[in-house]
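Each chain, letter by letter, is given below.
Protein chains: 4
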Amino acid sequence: MSQTIFTAMPTVTYEGPTSQNELAYRWYDPDQVVLGQPLREHMRFAVAYWHSLVMNGADPFGAPTLHRPWMDRDDAMQAARDKADAAFDLFRVLDLPFFTFHDRDIAPEGDSLGQSLANFHTIADYLAEKMSTSKTRLLWGTANLFTHPRFMSGAATNPDPEIFRYAATTVKHCMDVTKALGGENYVLWGGREGYDTLLNTDMGHELEQAGRFLSLVVEYKHKIGFSGQILIEPKPKEPTTHQYDFDAATVFGFLKRFGLETEVKLNLEANHALLAGHSFEHEIATAASLGLLGSLDINRGDPLLGWDTDQFPNDLQAATLAMYHVLLAGGLGKGGMNFDAKIRRQSIDPEDLVYAHVGAVDLCARGFLKAAQLVEEGRLAAALQDRYAGWNSTENAAMLRGEVALEQIAAEAEEKGLNPQPRSGRQERLENLLARTF
Amino acid sequence: MSQTIFTAMPTVTYEGPTSQNELAYRWYDPDQVVLGQPLREHMRFAVAYWHSLVMNGADPFGAPTLHRPWMDRDDAMQAARDKADAAFDLFRVLDLPFFTFHDRDIAPEGDSLGQSLANFHTIADYLAEKMSTSKTRLLWGTANLFTHPRFMSGAATNPDPEIFRYAATTVKHCMDVTKALGGENYVLWGGREGYDTLLNTDMGHELEQAGRFLSLVVEYKHKIGFSGQILIEPKPKEPTTHQYDFDAATVFGFLKRFGLETEVKLNLEANHALLAGHSFEHEIATAASLGLLGSLDINRGDPLLGWDTDQFPNDLQAATLAMYHVLLAGGLGKGGMNFDAKIRRQSIDPEDLVYAHVGAVDLCARGFLKAAQLVEEGRLAAALQDRYAGWNSTENAAMLRGEVALEQIAAEAEEKGLNPQPRSGRQERLENLLARTF
Amino acid sequence: MSQTIFTAMPTVTYEGPTSQNELAYRWYDPDQVVLGQPLREHMRFAVAYWHSLVMNGADPFGAPTLHRPWMDRDDAMQAARDKADAAFDLFRVLDLPFFTFHDRDIAPEGDSLGQSLANFHTIADYLAEKMSTSKTRLLWGTANLFTHPRFMSGAATNPDPEIFRYAATTVKHCMDVTKALGGENYVLWGGREGYDTLLNTDMGHELEQAGRFLSLVVEYKHKIGFSGQILIEPKPKEPTTHQYDFDAATVFGFLKRFGLETEVKLNLEANHALLAGHSFEHEIATAASLGLLGSLDINRGDPLLGWDTDQFPNDLQAATLAMYHVLLAGGLGKGGMNFDAKIRRQSIDPEDLVYAHVGAVDLCARGFLKAAQLVEEGRLAAALQDRYAGWNSTENAAMLRGEVALEQIAAEAEEKGLNPQPRSGRQERLENLLARTF
Amino acid sequence: MSQTIFTAMPTVTYEGPTSQNELAYRWYDPDQVVLGQPLREHMRFAVAYWHSLVMNGADPFGAPTLHRPWMDRDDAMQAARDKADAAFDLFRVLDLPFFTFHDRDIAPEGDSLGQSLANFHTIADYLAEKMSTSKTRLLWGTANLFTHPRFMSGAATNPDPEIFRYAATTVKHCMDVTKALGGENYVLWGGREGYDTLLNTDMGHELEQAGRFLSLVVEYKHKIGFSGQILIEPKPKEPTTHQYDFDAATVFGFLKRFGLETEVKLNLEANHALLAGHSFEHEIATAASLGLLGSLDINRGDPLLGWDTDQFPNDLQAATLAMYHVLLAGGLGKGGMNFDAKIRRQSIDPEDLVYAHVGAVDLCARGFLKAAQLVEEGRLAAALQDRYAGWNSTENAAMLRGEVALEQIAAEAEEKGLNPQPRSGRQERLENLLARTF
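Residue numbers (our numbering), protein chains in the order written: chain A, 16 to 453; chain B, 16 to 453; chain C, 16 to 453; chain D, 16 to 453.
Keep in mind that the hints were calculated from the coordinates and are not lab data.
Fair warning: there could be bad hints in the mix.
Which copy? The list can't say, so a pair holds if one copy fits it or any two copies do.
Claimed, not checked - In silico EDC-like cross-links for lysine to aspartate or glutamate, where the CA-CA straight-line distance does not exceed 20 Å: (1) Lys349 to Glu56; (2) Lys271 to Glu223; (3) Lys349 to Glu278.
Required output: the full structure, derived from the provided sequences and hints.
Here you go:
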């Protein structure tokens, strides 16, 4: 293996909270057992190939600022191998258990569909080889159905059925590769599955297309015996004006409509939640209540900005609340926590990538520990228990089960002269309980 | 009937586009036949009792500015009758076919549940009497389950089952009265059905409660033979931090979950769409594509403000797009267009109420005429037809119907070396076609 | 003094971080000396009369939920005295050094201007009496020029000059009372100084009015020898569509225009910053860079909601950043930290008020301690120093002072073939340094 | 001149409102005299070189979709000439009087500062040659100080003074070229003049730098006898988290601080106004009231999206209100209306560029005609006159001039027992007057 820009960097290790080493983990001790499981298995962190290896710092007003050795090379396949070397070297430095990728992150587009697929399989084999000597496994694979101009009007929901076919073909191969590499999930993010203007869009038709496409994926999963989860990643907008997979609740309705609610779960992202007008914990709690919590894309947005900034998380309270709701939901199972986050455009040095991951891993770990503490203390849960206790009575439980009719409820209420009094919601006290954790 | 503040005002009539009379309809000719139906039946305009008769101009930083004769009176029941007199006088002035109300708009809260219900039925009878000599009918009734402190933590979704019962009882009587007054729909807006903080909220439990409540309503509707539509009005937030009926797509998922998607439709509001991050036409098109388009609350928000301003509409292009999607959906059926809009706090004179409605009626009518023109010209539809034409081929239609498997699509694509080329979405040209209508 | 709803509550005391007492201060030790000063003098906390004693829980969709003994009473003046008793009892419980008020918070509107002023002076005298036996002093007074309908179209910027006069008269008396009570600042918040629609607004004229009004205030301050600061509180909107005192930078321009930039400073509020699209620390840093930092209104908004939620702060990181910039600016001087925050509408019990303040005081104190730690460690400052070090060279300093012309800079650059290379902004590393503080 | 992609297209001409030709002007008759001036001189339309000739359809999630013959060519200088040929051919097709450019739009970056400047002057000469046979003149020139990585942390406000020098050198040459080409204005847009995080930013220092930079520009303007206007283009954020030139009011304060308020005016953009939380007419009215209205960047944003979409305008009401406030301000003088708007990424055909401009020109022209009608009818102005009439009285005018002291106003008000009554703001009536224009 060639030298990489990360070769000289030592592997980041756990040194504990008092460490002054900026490139050590202070809270993420993968072996620490919390609520019966080591942190490693609770968190299941993954490095995102695209943001860490592909992203070049360009923005809508600026040229690339990050110039990595594998970028802008004539021999695209060799560059892809060099990139893979660097990727696994970075995984070694960070010592995290998983990574994630799009087909296009790892291998270059070819001159034809056949060539693109061949490139992809070739580099996938190279990755398999790298994985054989690495501790880092594949959390999920996915297909990039949004960058190439052919997808500018959608992939599954393109008005042109030939593009639907092209996208389907691409996904078929991505699923094959994901399975071959031992991926534990397969993700669909419909970046272009939406519209820029309703004036040129038949939304009803496009939703039918989306339903069919997802059904094809689910059917194929069973056919090939892929045991991973199929995940949809909601996002409300950007690059589109409206994306069909708006948020967790919207995707639930979509899955129900096409009878896929037991086949597909959600990969939720903090920044996407924000763009939809939700907190991350809201999306997690919603998915959990609908049985759809699958995996997390860990990052943060900026509530003062209206686009997907995909920043590394740095807000301990937000992280704690997200982790608390993951714990309430019983954990992530086959899912994990994928750093779908990119260093800022001004953070041009390779070490910035390491700073960013170390900070984020530690923040999530610390948030998780705080959340576990909240669970163990049980005060928030007790307050909730108490607040809904009235529903435990025989007759109220029966009412909730549907055993009493409206007119009967009314007759009883009128007879009793029902006059229920409001009770304090105690929001500030509960917020204090949370704040005191920090 | 006593004199009212509207008695001296003449009935507003259609005078045509060249009229200089500020209190005449220039575009709303109820008898004009468009696309086979008179405008009156297309539009089905309604006056909202609460905004027009009850709203007093208070805001979070200001005291009431509107002082109507029926407000702040000692004899609340006589005040309610005077208010009803004024309401029907206003309906006479505006000459619109429908009105809408909450129980609490028409009758005062009593000292007990029994007294509140009695007040409500007494004034409902008075309304029935007024209606017998009025042309204005009831588009829909609804229950106010958000103003009284007992509902501060929700009605159907209150942690206290006694409040669920209280709310159910209230709705039962509102449905009875709506049926008795010939209402064509019954609406549920869950102003407090959501949360202020997840810290004190069991979202899963509350969603179960919401599902049960709606099921009770639907069961009761059938029991009493109410032939109107049951409608849910989505709103994402305010007064709550998060409301469960976020938007059309969310409510669809909710209805599917509880098996109510053929029983309940949507009452969509422009300002609520905006708060959810959608255009009004998006919500209409979404509802239409899901078979849920029921009725409209006509108003506008201010995209630069983050709350429900409920302004009277004044944007012709926005109105045209909304009407265009209503036409594409085949119209509103039993639904209508309810002016859920309030005059500004500084508009303190009774005539401001008339200015506001006349402008709004005319704007909607003109938007409808423009939309009908777009339909008749057919250029937008033709562009759409053309854009999706590829799906009409035998094999693509079969693919959409689910007759081809993923691996088969892939095999064919690879064999052909599929290389579909992007086609212009022509957004600017279509926007010009729209703009040229004005 | 009569019994109040707070009489039975003990005074909250500092018990240290390990205390399990929910109604003790864990971080706010007023006597702890940090960076050379006791916390009490750094923080200068104030209780806001309006939110704590006047606010009744009403919202745009809901009736009052808080029913305090002094509300809705026939004898308004006795009620005002009872309210004052309760206020000082609350100050006693919280043991905070300051309070703040509007004229209308402490005394009821009368039937005439004369009566309103008389009421105000009468109760002001009562407050003076209360203060003689209380440790709590007046941070600032202000006039409520937004609640009464006469101010619906503005006070200083009202189209009607009689209302300008009425407002001026009111402010004159508020300044007199503030001085008499030993207030250390006088604040102007122009809740209605803006517009709902430009269609009925002459913005140029209104800005002239605003400039004149503020000049009157400044002139009068000097005339009566009031040694406190005059402060303007920026807010971008709500209740107006646009308020002229949009944010710190806007007010700076306004002050410069009327030559008042050395006479007036800013009272900055976190939630108002958010509504203007800024972080709180941005507003603090901006004010500091313009020499305008005066005082703070401590609260938080909800970035997912578009109105002034005025919540008690609960975000430690946000608090730390605000405090850090206060420290960078050299502290607040005569200003202080006023809890312009209200308990949620569902928090109906008096103890909720105490929970809320205790949590907020502690959060701010802890944030301050963290900020002081950042200052003492000096790593953020050192990074900044290093980043701008180039400007310290003789020739670059001269260039910044304006001693080199554009063409000269260009000539030198071209001669040298200047080719400066970008340097990493190190954002993630600096974020980690911040995060490691927690 | 070589053939271009526009060569086959005929020049767009005015055909009047009944024309069915989609590529004709229906409202923009440049010779039509309105309010004493031909439309051509009122509007002063300009084509933006960057959006029309340089923009390639890439977005943060997608590769370029527009492939023009001059893009991605080996011989960058020949490509620049071909692009210029195409540009002037497009100007010929659109028949608009002005264009605008950045240095980098017209000429490629070289290997060194010297080479970059040489490239720029070479192509500027080529443009001069093209202009000699074209009717299209230069509205303004500007420097691109945001795309190249060297500017990633700012240009004038970069922490590195060498980059300040590089930027100054660039601007010097851009001013020279702008003057040489007869440009009527010179614009500064500070795309990177702001911060991504306050953690690595010394805002006070950077604002000093910005002040110095602008002073250099103003001094140089006088030195070379450039008679055009210097314009700053406000934008609140994007690509930065916060940009110092936030909005019109903020820039006013900045100019006052550095004594430049009579030297510099504003180039206002609709989409930037939206991102700052303002309407376009608000920014125009604000600039006008401060004497800073310079020129307009015509486009629109999407209020449901949080980034700079730079769409071609298509909202007649918004255009009318903007034009109305331009008319109230007395017109744009040396400024103009520059289409800082780009076709959508899916609009990949050259004719889409023509559709877009034709629609936008017509929309603005029609908005202007509507605005002129509003001015001529005078009803909005009369309502305003009436609303503020009270200030015309001798004593109120004296009060506004500052001839009465606060205590005197108060004494008179108290003596009179002032009791001013609110008057209706008539918002809905005025909105109707506006709506009736359409």
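- What are the numbers of the hints that this structure violates, sorted from low to high? none
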